Amino acid sequence: MSEQKVKSGQVVSIEYTLRVDGKVIDSSVGGEPLEYLHGASNIIPGLEREIEGMAVGESKNVVVSPEDGYGEVNEEAFIEAPRSVFPPDIPLRPGVELQLTGSDGSPLYARIEGVEEDVVVLNLNHPLAGKELHFDITVVGLRDATAEELKHGHTHGGHAHH
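Residue numbers (the working numbering): 394 to 555.
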């Protein structure tokens with residue numbers, strides 16, 4: 394019986410630490426591993442490609458370029474909003490992160506880029522856009538996906554990260 398290797402249609406559990414610019418910004422270590430359905434674009438493409446073919450217990454250091462991660466910074470994703478639309482309890486200063494609702498009801502993530510007299514400049518780029526992502530990953534579990542998971546394109550584990 395050969396050792397299973399990660400391929401499409403399998404549910405993979407990974408432990409990971411993500412560093413950007415030398416700082417740890419996300420890690421599953423000490424918590425639940427991240428479980429995802431391989432081949433279903435549940436995770437960023439550059440990471441999925443690198444995990445392909447790994448075996449349980451195997452570790453790898455992966456560098457994902459912006460185009461394989463969260464995209465390049467999009468200059469058109471900066472918008473100006475009148476100051477009057479912000480509730481008074483939001484501190485209007487650069488770097489403050491906001492969760493907005495898009496016109497279709499989906500959550501939009503924005504960061505205040507700058508504050509002018511009556512206008513607030515928002516940056517709608519993903520906070521990791523334009524960044525090189527450094528992942529330390531270890532495959533900690535591997536199983537075949539159920540028919541239902543394959544149909545839905547994501548895992549039905551206890552913790553869905555969307």
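Hints in this document: simulated from the structure, not taken from any laboratory.
Values in this document were obtained by computation on a predicted structure and should not be read as measured data.
Take the hints with a grain of salt, since some may be wrong.
To be verified - Ranges between beta-carbon positions, derived for each pair:
no.	residue 1	residue 2	range
1	I483	V413	21 to 27 Å
2	K400	V456	19 to 25 Å
3	E396	L485	53 to 59 Å
4	E451	V508	44 to 50 Å
5	E445	E509	44 to 50 Å
Yeah, the Cβ is synthetic: ideal placement off N, Cα and C, and Gly gets one too.
Hints, one by one, checked against the model:
1. The given range of 21 to 27 Å is respected by I483 and V413, whose C-beta atoms sit roughly 26 Å from each other.
2. A hinted range of 19 to 25 Å for the beta carbons of K400 and V456 is consistent with their spacing of about 22 Å.
3. The hinted range of 53 to 59 Å is satisfied by E396 and L485, whose Cβ atoms lie roughly 55 Å apart.
4. Checked against the given bound of 44 to 50 Å, the beta carbons of E451 and V508, roughly 48 Å apart, stay inside it.
5. Separated by about 47 Å at the C-beta atoms, E445 and E509 satisfy the suggested range of 44 to 50 Å.
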